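Peer 1: So the protein lines, in turn, are chains Y and A. Quick note: the first sequence, position 37, residue 37 per the numbering used here, numbers continuous. Positions in the second sequence are counted from 1; adding 1000 to them yields the numbering used here.
Take the hints with a grain of salt, since some may be wrong.
To be verified - Listed below are the simulated SDA-like cross-link pairs for lysine to any residue, each with C-alpha atoms no more than 20 Å apart in a straight line: (1) K1107/A - D107/Y; (2) K65/Y - D107/Y; (3) K1045/A - V2/Y; (4) K43/Y - G1041/A; (5) K1107/A - T1074/A; (6) K43/Y - P1040/A; (7) K43/Y - S1009/A; (8) K1042/A - K65/Y; (9) K1045/A - G44/Y; (10) K1103/A - S1028/A; (11) K1039/A - V46/Y; (12) K43/Y - P1008/A; (13) K65/Y - K1045/A; (14) K1039/A - D107/Y; (15) K1042/A - Q111/Y; (16) K1042/A - T101/Y; (17) K1103/A - T1085/A; (18) K1045/A - T101/Y.
No lab work stands behind these hints, which were simulated from the structure alone. All figures in this text were calculated on a predicted structure; none of them were measured in a lab.
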Amino acid sequence: EVQLVESGGGLVQPGGSLRLSCAASGFTFSTYWMHWVRQVPGKGLVWVSRMNSDGSGTNYADSVKGRFTISRDNAKNTLYLEMNSLRAEDTAVYYCAREATASRYFDYWGQGTLVTVSS
Amino acid sequence: DIQMTQSPSSLSASIGDRVTITCRASQSIGSYLNWYQQKPGKAPKLLIYAASSLQSGVPSRFSGSGSGTDFTLTISSLQPEDFETYYCQQSYSTPRTFGQGTKVEIK
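Go ahead and model the full structure; you've got the sequences and the hints to work with.
Peer 2: Listed below in structure tokens is the structure:
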């Protein structure tokens, strides 16, 4: 069974840092592109970042570029999102998602982890 | 970046109604259009991929159509479990942008 389990969310002060993890199981993690998507409670889905299967390619939303870093450890089947210089507007539930190879849809999602940026 | 515009942002319907949600891309995306359903407090669930392909396990009352810039999600006969929020997403290019969502409410 495919599973994605996020962790690492919590309360952090503005300007602070946090690292999210997404532990994958039930599939060959090293062959899939992975993404982070966030959602302010009660609002819509916003794509944040993606990394290709071997970690050689990344993309970021303009709103997080230069502050967030996506990475992965294929030996540990884990995706990460390092978040620095956090702002109140980064407060959201963060989901990791697997991208299916052919038509590039997100076929599996984690349960999400809440990040709250507040003093 | 490709902008995705969904309409309506919300709708009220009754059980058994036929419902259509539209999604328009700011440029042609071929058939790289996906639809998700989201329940409150839960992760999105894939319903339709590649504009018209039904994800395994999704009821056949859900269907998708369109190509290029204009797409639709149709629920042929609304069931109680369908009163949720629906999002379109383009997977033609990065960033993989989403529509703003359509909330389907009980009339």
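Peer 1: Would you mind confirming whether the straight-line C-alpha gap from K1042/A to K65/Y stays at or under 20 Å?
Peer 2: Between K1042/A and K65/Y the Cα gap is close to 27 Å, so the pair fails against 20 Å, i.e. violated.
Peer 1: Quickly compare the C-alpha distance for K65/Y and D107/Y to 20 Å and report which way the hint goes.
Peer 2: Violated. K65/Y to D107/Y sits at ~25 Å, over the 20 Å cutoff.
Peer 1: Need the status of pair K43/Y, S1009/A: alpha-carbon distance at most 20 Å?
Peer 2: Status holds; Cα separation ~12 Å.
Peer 1: Are the Cα positions of K43/Y and P1040/A separated by 20 Å at most?
Peer 2: holds (11 Å)
Peer 1: Given the hinted pair K43/Y and G1041/A, is their alpha-carbon gap at most 20 Å?
Peer 2: The hint holds at about 12 Å.
Peer 1: Is the Cα-Cα distance between K65/Y and K1045/A 20 Å or less?
Peer 2: Given pair K65/Y, K1045/A is violated - Cα atoms ~27 Å apart, limit 20 Å.
Peer 1: Holds or violated: K1042/A with T101/Y, Cα cutoff 20 Å?
Peer 2: violated (24 Å)
Peer 1: Measure nothing beyond the straight line between the CA atoms of K1039/A and D107/Y; if it is 20 Å or shorter, mark the hint as holding.
Peer 2: holds (16 Å)
Peer 1: Given the hinted pair K1107/A and T1074/A, is their Cα-Cα distance within 20 Å?
Peer 2: Holds - the C-alpha atoms of T1074/A and K1107/A are around 18 Å apart, at most 20 Å.
Peer 1: Has the given pair, K1103/A with T1085/A, been kept, meaning a C-alpha gap of at most 20 Å?
Peer 2: With a Cα-Cα distance of about 4 Å, the restraint between K1103/A and T1085/A holds, given a limit of 20 Å.
Peer 1: Given the proposed pairing of K1103/A with S1028/A, does the C-alpha separation stay at or below 20 Å?
Peer 2: Between K1103/A and S1028/A the Cα gap is close to 25 Å, so the pair fails against 20 Å, i.e. violated.
Peer 1: Holds or violated: K1045/A and V2/Y, Cα atoms, limit 20 Å.
Peer 2: holds (14 Å)
Of the hints listed earlier, those the structure fails to meet are numbers 1, 2, 8, 10, 13, 16, in rising order.
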